[in-house]
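Position one of the sequence shown corresponds to residue 1 (our numbering), numbered consecutively onward.
Incorrect hints may have been included.
The calculated label-pair distances, taken between Cβ atoms and stated as ranges, are [to be verified]: (1) Ala-36 with Met-1: 27 to 37 Å; (2) Gly-35 with Glu-6: 13 to 23 Å; (3) Ala-29 with Glu-6: 11 to 21 Å; (4) Ala-29 with Val-8: 11 to 21 Å.
I should point out that these hints are in silico values taken from the structure, not numbers from a laboratory. Positions of the beta carbon are idealized from the N, C-alpha and C atoms, including for glycine.
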Amino acid sequence: MELVLERVEKRVGAQTHLYPFDLRLVPRAVTILLGAT
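With the sequences and hints as input, model every part of the structure.
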């Protein structure tokens with residue numbers, strides 16, 4: 001089984017915190033999400 005997220009984004013008012021992205025998580029894989037904090 002896998003988990004698929006499509007067009008995920010986060011906005012607060014006019015400010016964008018996460019620009020739209022797709023993410024696919026599969027069993028027995030290591031997934032790292034990197035970005036500015």
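Query raised in the report: Can you give the numbers of the hints that this structure goes against, from lowest to highest?
Result: Violated: none.
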